[in-house]
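K.L.:
Residues per chain, in single letters:
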Amino acid sequence: MSNILRRIEIPIILTIVATVLQVTPYYIEYKPLDDAANWINLWVLLIVAWATFIGPLSLIQVHGKTVQRRSSGWYYSVIVLVATVVMAISGLPLQEWGLGTKNPVYSWLFTYGQTALSGTMYAIIAFFITSAAYRAFRAKNIESTLVLVAGLFMVMSNAPFFTAAWPGFKTIGDWIFAVPNMATNRAVTIGAALGAIALAVRTLMGIERGYLRGGGD
Amino acid sequence: MGFIDKLQDIDRRWVYLLTWIFVLFPLIFPLGLPVPIQSESTKWYNSIKNIPDGSVVVFSPMYGTSGMPELFPMTLATMHQLWSKNVKIIVVTFWAEGALVFDMLLRQMDPSAAPYNKVYGTDWINVGYIPGSEPAMRAFGEDMAKTAPKDYINGKDTKSYPIMAKINSAKDVTLIVTIETGTPGYPEWLRQWQEPYKIPMVVGCIGVSAPGVAPYLQSGQVSAMLPGLTSSAEYELLINRKGLAIAGVDAVSMSHILVVLLVILGNVGYFATRRKS
Chain Z
1 MSNILRRIEI PIILTIVATV LQVTPYYIEY KPLDDAANWI NLWVLLIVAW ATFIGPLSLI
61 QVHGKTVQRR SSGWYYSVIV LVATVVMAIS GLPLQEWGLG TKNPVYSWLF TYGQTALSGT
121 MYAIIAFFIT SAAYRAFRAK NIESTLVLVA GLFMVMSNAP FFTAAWPGFK TIGDWIFAVP
181 NMATNRAVTI GAALGAIALA VRTLMGIERG YLRGGGD
Chain W
218 MGFIDKLQDI DRRWVYLLTW IFVLFPLIFP LGLPVPIQSE STKWYNSIKN IPDGSVVVFS
278 PMYGTSGMPE LFPMTLATMH QLWSKNVKII VVTFWAEGAL VFDMLLRQMD PSAAPYNKVY
338 GTDWINVGYI PGSEPAMRAF GEDMAKTAPK DYINGKDTKS YPIMAKINSA KDVTLIVTIE
398 TGTPGYPEWL RQWQEPYKIP MVVGCIGVSA PGVAPYLQSG QVSAMLPGLT SSAEYELLIN
458 RKGLAIAGVD AVSMSHILVV LLVILGNVGY FATRRKS
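Residue numbers (our numbering), protein chains in the order written: chain Z, 1 to 217; chain W, 218 to 494.
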């Protein structure tokens, strides 16, 4: 019995059934089919809810080992573990016990810890972008000159200082945005969609097995 | 190596220091640089202004704390305009931190106070974060109360609120307002809500996401887009409520001036060196 359950055909059949159920209601209007697709969709929510536990467990496992072995930077792992445990406990949805997202400890850590740190990490990008623009925008040949000119116009069209000085910056920036950028993005989107269709067909035919047992038979 | 030659190879630490000065200075000493109002913010403003009375709007803060510096000002401004109108608002997020971001908004503006005077549960409801990304968005569109059985603010049955008496699914929604940084975001809204139910949608996003929205703007699937802090500042001027974006837009101008200056200097240095060699 266990050998039958371990057969590779079972997950492939499950994949085919789930996929066909999701795709066909887009093309055929038939209520039972639609209901079945919605039913399967709810399963996904359940699976995702359970998968949520994997994140903290994996985090505790990885950082717990780092602390245990006193590996390089182990004290940062201690901070991660303490923050995870404190936020997880104080944020538990038990309002009658004073826990949850309105708990003062949770709220303080979120507002003055996470928000400030995340904002700082995001703001650091400004330094890298400025440095990268300075080094990358060089008129070394025709192609790089095109990138330089387009890049500069986009920068200037996004800064009120320049558009107030000369509205033409905005007009040129808008044209770059709405014509070459849009055409390129559309090509990328359509290309990616065609690739996704090809991958789906390969998966449905059982050729693409990367998601099964690491791709082996 | 002469001074001009060195211009093409300024140490990155000097670049970082200059960036720091150019951004920090206008934040401490506001310069009051002009902010011309452009088409993006006007379209966004009009999209919300033209919502008919009694309509149902789904408002979704689809970002976490890292997106707050750029997106929180437009979130505040948009909620100000929405709460100033006679529309029903359903707040929902598919980002874990989205609900907490909206909590921070509620600490800064009280919808029950003047000039809004909105009643929770009657004029608006917050169902909070729904895990499950795109499948959750689809499920919420099919049946809101079933997917979000309890509201986020009081933890009571969603269906027990008067606002939900006539709102069951995405079919009852007039406009989607999503403010976001990544996945799930506008592509998922397009696939699960905009296209199947033909609901107009407006997208507020960080500046770097804007080029990706362009094809959907042209196709009409996205009615309006509000990209980044500059557009937020223009929008604040349109609603006559100067806030965080106006405070930060001088820093945007100054940092962009620095980029332009550095690029020009780098190229001057590059051409000077090339001419010599």
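Treat the hints as calculated values from the structure; they're not laboratory data.
Treat each hint with caution, since some may be false.
[What the hints assert, rightly or not] Here are the simulated DSSO-like pairs of lysine-lysine, each with C-alpha atoms no more than 27 Å apart in a straight line: (1) W/388 x Z/102; (2) Z/102 x W/223; (3) Z/31 x W/376; (4) Z/102 x W/376; (5) Z/140 x W/223; (6) Z/102 x W/367; (7) Z/31 x W/373; (8) Z/31 x W/388; (9) Z/31 x W/363; (10) W/335 x W/388.
K.L.:
Tell me the numbers of any earlier hints that the structure contravenes, in ascending order.
P.N.:
The structure conflicts with hints 1, 2, 7, although it agrees with all the remaining ones.
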